[in-house]
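A.B. asks: Start from chain X and add chain F according to the hints.
In order, the protein sequence lines correspond to chains X and F. For the first sequence, UniProt numbering assigns the number 1 to the initial residue and increments by one for each residue that follows. For the second sequence, UniProt numbering assigns the number 1 to the initial residue and increments by one for each residue that follows.
If you're looking for bench data, these hints aren't it; they were derived computationally from the structure. Every residue gets a Cβ at the ideal spot worked out from N, C-alpha and C, and that includes glycine. Incorrect hints may appear among the rest.
[To be verified] Each pair of labels, with its calculated beta carbon distance range:
hint, chain 1, residue 1, chain 2, residue 2, range
1, F, Asn266, X, Glu246, 56 to 64 angstroms
2, X, Ser154, F, Glu264, 32 to 40 angstroms
3, F, Asn283, X, Lys234, 43 to 51 angstroms
4, F, Asp69, X, Gly50, 48 to 56 angstroms
5, X, Glu335, F, Phe254, 33 to 41 angstroms
6, X, Glu197, F, Lys311, 27 to 35 angstroms
7, F, Glu197, X, Glu310, 27 to 35 angstroms
8, F, Lys48, X, Ser154, 51 to 59 angstroms
9, X, Ser6, F, Arg229, 46 to 54 angstroms
10, F, Arg229, X, Glu335, 26 to 34 angstroms
11, F, Ser153, X, Asp69, 31 to 39 angstroms
Here is how the chains run, residue by residue.
Protein chains: 2
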Amino acid sequence: MVIDSSFFINLALKEAWKYQGLTYPNPAVGCTIVSPKNELLSVEAHKKSGLPHAEVMALRTAYFKLTNDSKILELTSSSEIHTFLLNNHNNCFRDISLYTTLEPCSHIGKTPSCASLISALGIKKVFVGFNDINEEASGGTEILKKSGVDVQSSILEKKAYDLIAPFNKWKEDKFVFFKWAQRLNGSTDAGTISSIESRINVHKMRNVCDLLVIGGNTVREDRPTLDARLVHGKAPDVLIISRKKEFDKSIALFGVEGREVFIEDNFSLLNNYKNIMIEGSSNMFELTKDIVDYYLCYLAPTIGGKSGFEKVEEKFEILNIDQEDQDIIMWMKREK
Amino acid sequence: MVIDSSFFINLALKEAWKYQGLTYPNPAVGCTIVSPKNELLSVEAHKKSGLPHAEVMALRTAYFKLTNDSKILELTSSSEIHTFLLNNHNNCFRDISLYTTLEPCSHIGKTPSCASLISALGIKKVFVGFNDINEEASGGTEILKKSGVDVQSSILEKKAYDLIAPFNKWKEDKFVFFKWAQRLNGSTDAGTISSIESRINVHKMRNVCDLLVIGGNTVREDRPTLDARLVHGKAPDVLIISRKKEFDKSIALFGVEGREVFIEDNFSLLNNYKNIMIEGSSNMFELTKDIVDYYLCYLAPTIGGKSGFEKVEEKFEILNIDQEDQDIIMWMKREK
Numbered sequence: 001m002v003i004d005s006s007f008f009i010n011l012a013l014k015e016a017w018k019y020q021g022l023t024y025p026n027p028a029v030g031c032t033i034v035s036p037k038n039e040l041l042s043v044e045a046h047k048k049s050g051l052p053h054a055e056v057m058a059l060r061t062a063y064f065k066l067t068n069d070s071k072i073l074e075l076t077s078s079s080e081i082h083t084f085l086l087n088n089h090n091n092c093f094r095d096i097s098l099y100t101t102l103e104p105c106s107h108i109g110k111t112p113s114c115a116s117l118i119s120a121l122g123i124k125k126v127f128v129g130f131n132d133i134n135e136e137a138s139g140g141t142e143i144l145k146k147s148g149v150d151v152q153s154s155i156l157e158k159k160a161y162d163l164i165a166p167f168n169k170w171k172e173d174k175f176v177f178f179k180w181a182q183r184l185n186g187s188t189d190a191g192t193i194s195s196i197e198s199r200i201n202v203h204k205m206r207n208v209c210d211l212l213v214i215g216g217n218t219v220r221e222d223r224p225t226l227d228a229r230l231v232h233g234k235a236p237d238v239l240i241i242s243r244k245k246e247f248d249k250s251i252a253l254f255g256v257e258g259r260e261v262f263i264e265d266n267f268s269l270l271n272n273y274k275n276i277m278i279e280g281s282s283n284m285f286e287l288t289k290d291i292v293d294y295y296l297c298y299l300a301p302t303i304g305g306k307s308g309f310e311k312v313e314e315k316f317e318i319l320n321i322d323q324e325d326q327d328i329i330m331w332m333k334r335e336k
Numbered sequence: 001m002v003i004d005s006s007f008f009i010n011l012a013l014k015e016a017w018k019y020q021g022l023t024y025p026n027p028a029v030g031c032t033i034v035s036p037k038n039e040l041l042s043v044e045a046h047k048k049s050g051l052p053h054a055e056v057m058a059l060r061t062a063y064f065k066l067t068n069d070s071k072i073l074e075l076t077s078s079s080e081i082h083t084f085l086l087n088n089h090n091n092c093f094r095d096i097s098l099y100t101t102l103e104p105c106s107h108i109g110k111t112p113s114c115a116s117l118i119s120a121l122g123i124k125k126v127f128v129g130f131n132d133i134n135e136e137a138s139g140g141t142e143i144l145k146k147s148g149v150d151v152q153s154s155i156l157e158k159k160a161y162d163l164i165a166p167f168n169k170w171k172e173d174k175f176v177f178f179k180w181a182q183r184l185n186g187s188t189d190a191g192t193i194s195s196i197e198s199r200i201n202v203h204k205m206r207n208v209c210d211l212l213v214i215g216g217n218t219v220r221e222d223r224p225t226l227d228a229r230l231v232h233g234k235a236p237d238v239l240i241i242s243r244k245k246e247f248d249k250s251i252a253l254f255g256v257e258g259r260e261v262f263i264e265d266n267f268s269l270l271n272n273y274k275n276i277m278i279e280g281s282s283n284m285f286e287l288t289k290d291i292v293d294y295y296l297c298y299l300a301p302t303i304g305g306k307s308g309f310e311k312v313e314e315k316f317e318i319l320n321i322d323q324e325d326q327d328i329i330m331w332m333k334r335e336k
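Next comes chain X alone, as it looks inside the complex:
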């Protein structure tokens, strides 16, 4: 195994993918910090909107490793950590290297930008996966270079782009992903397929989605609730794709507070939303091929059940695989 800048960016990428989708409307970003001699100080990710950026989290962990000053571990908000680091760094970061999957932001909001923080801490080497193309936050590399930081860009750029693509879609238009759960033999029927960890993960996704799309037959047959109760989260609006408009409105799905449910025979409503999850099987898969950006598959290591994807012919590119407890979580896109 070669331990080089790609290795360290890859650690950051793997960590960031664990929170893909969950960071909406922010990008999924990972950050690794390493000492002059490849001493691995931290690998962290941005986990959720409102929580610190990946670089800030990685600097927080690295500061503790370098100084043994546990005061910083009590701080959780981005502005507290920023202020603390600026006041207490004592040049401890001077010789470290920082690897980030996305160009550090130049955006000054509730906290100073990550690029300014990195410069102010006297960090001299930054490795970047993909350069930010979002106007509001880009320009971080320029800020760094002006302060004399040696910035190397485009490390594992393609992989870093795949990680950030949903964010770019949110910014430009909307991000649509198709989620399904299946067993190893491809079956999607008959009872619970996924582990409780996977189901919690799906509820976290629903909590940050603004629209959930589902087929009419699934609603009629499975009578699902489609909320985020496992994480006490917000239930997204639901679009039921169905020609027939009649449904048993006593199903829990229709009774969730603060949610709108639409019944339509087309997908034009998607244009009113930004972060959209489609749940389904063969039919919905075929119907939505041209509007789906990414595919998210929860694969249970079991064999059983009968029907799954039928009459579908498809080739995917795997973007990331992860294993949470039992199931494999795969992010993919169609190979074009």
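C.D. replies: Here is chain F on its own, set in the frame of chain X:
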């Protein structure tokens, strides 16, 4: 992400799993070397019988990182590296930590034992995943402790055991694994399923297997060769499980030099072999449930084809997942 002894053992485990099966008759072992301040110096694995042990490979890479003396990179044989390190280490390893998935061997063969080498190099901290239960090579911990090395055992012990289990089976009796290739929708039919990288990997496996078991119908329908031509390797003996003894002997399978082909209606022949791969689908899966130790699945990220595992009900525990180019490679065992 927590960067601790489990993290470093896990890096070694992941690296070792890439060579699972291929190290026969030796164990699959991985080794990580880290400086006093978590400086990651090397992650290496034992790759093949006749090549150096994981610890020797990791010490070789770490030596180069620590000294910048590239002479060691020209050495490939275990005895050359042993001798070079003993003559040139100059106490450069004194403060490092060595993480190994298996207790370092005490076995003196063509080279001194890894345990003796580690002691002689003045290494003071060794972390071990699983203690060797093989009489010939065990006792490494004792050798280390007698030399004043601080040995911590049982780091991620269960995972380290899963890695070493095939080796223990080879030693005690025989190791039997069931290999199949499938698409994401569970289909195993119609044309080439796996990527070229996966097929090369299978040929490497065949090259070190001494027996390959296959069903009569597969031989009649697919007319496979079942050799290791993609790696210019040795073709294993073949056991065809079939009640009917008639086969078209002009199939390439029967004409491979140095191979024996048996046609039997039972599995008793397996007792004459040590490293056995079964290839098949539903029927063979059901027939061999009680004799298979591990399952190896090459999962292609495609949807297509029709039939796969039918009428099978099974639950696996995933031991390792890896991605080679396109396909996912999964080692599993039945959950009992």
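A.B. asks: For every hint, state whether the structure bears it out.
C.D. replies: Here is what the structure says about each hint:
At about 59 angstroms, the beta-carbon gap between F:Asn266 and X:Glu246 stays in the expected band of 56 to 64 angstroms. Between X:Ser154 and F:Glu264, the C-beta spacing of about 58 angstroms breaks the proposed range 32 to 40 angstroms. At about 49 angstroms, the beta-carbon gap between F:Asn283 and X:Lys234 stays in the expected band of 43 to 51 angstroms. At roughly 51 angstroms, the beta carbons of F:Asp69 and X:Gly50 sit within the given window of 48 to 56 angstroms.
A hinted range of 33 to 41 angstroms for the beta carbons of X:Glu335 and F:Phe254 is consistent with their spacing of about 38 angstroms. The supplied range of 27 to 35 angstroms is met by X:Glu197 and F:Lys311, whose beta-carbon atoms lie about 29 angstroms from each other. Here the CB-CB span from F:Glu197 to X:Glu310 is close to 29 angstroms, well matched to the stated 27 to 35 angstroms. Restraint check, F:Lys48 to X:Ser154: a C-beta distance of roughly 35 angstroms breaks the suggested window 51 to 59 angstroms.
Between X:Ser6 and F:Arg229 the C-beta distance comes to about 33 angstroms, which lies outside the given range of 46 to 54 angstroms. Taken as a hint, the range 26 to 34 angstroms holds for the pair F:Arg229 and X:Glu335, whose Cβ atoms sit roughly 28 angstroms apart. Against the hinted window of 31 to 39 angstroms, the Cβ-Cβ separation of F:Ser153 and X:Asp69 comes to about 33 angstroms, which satisfies the hint.
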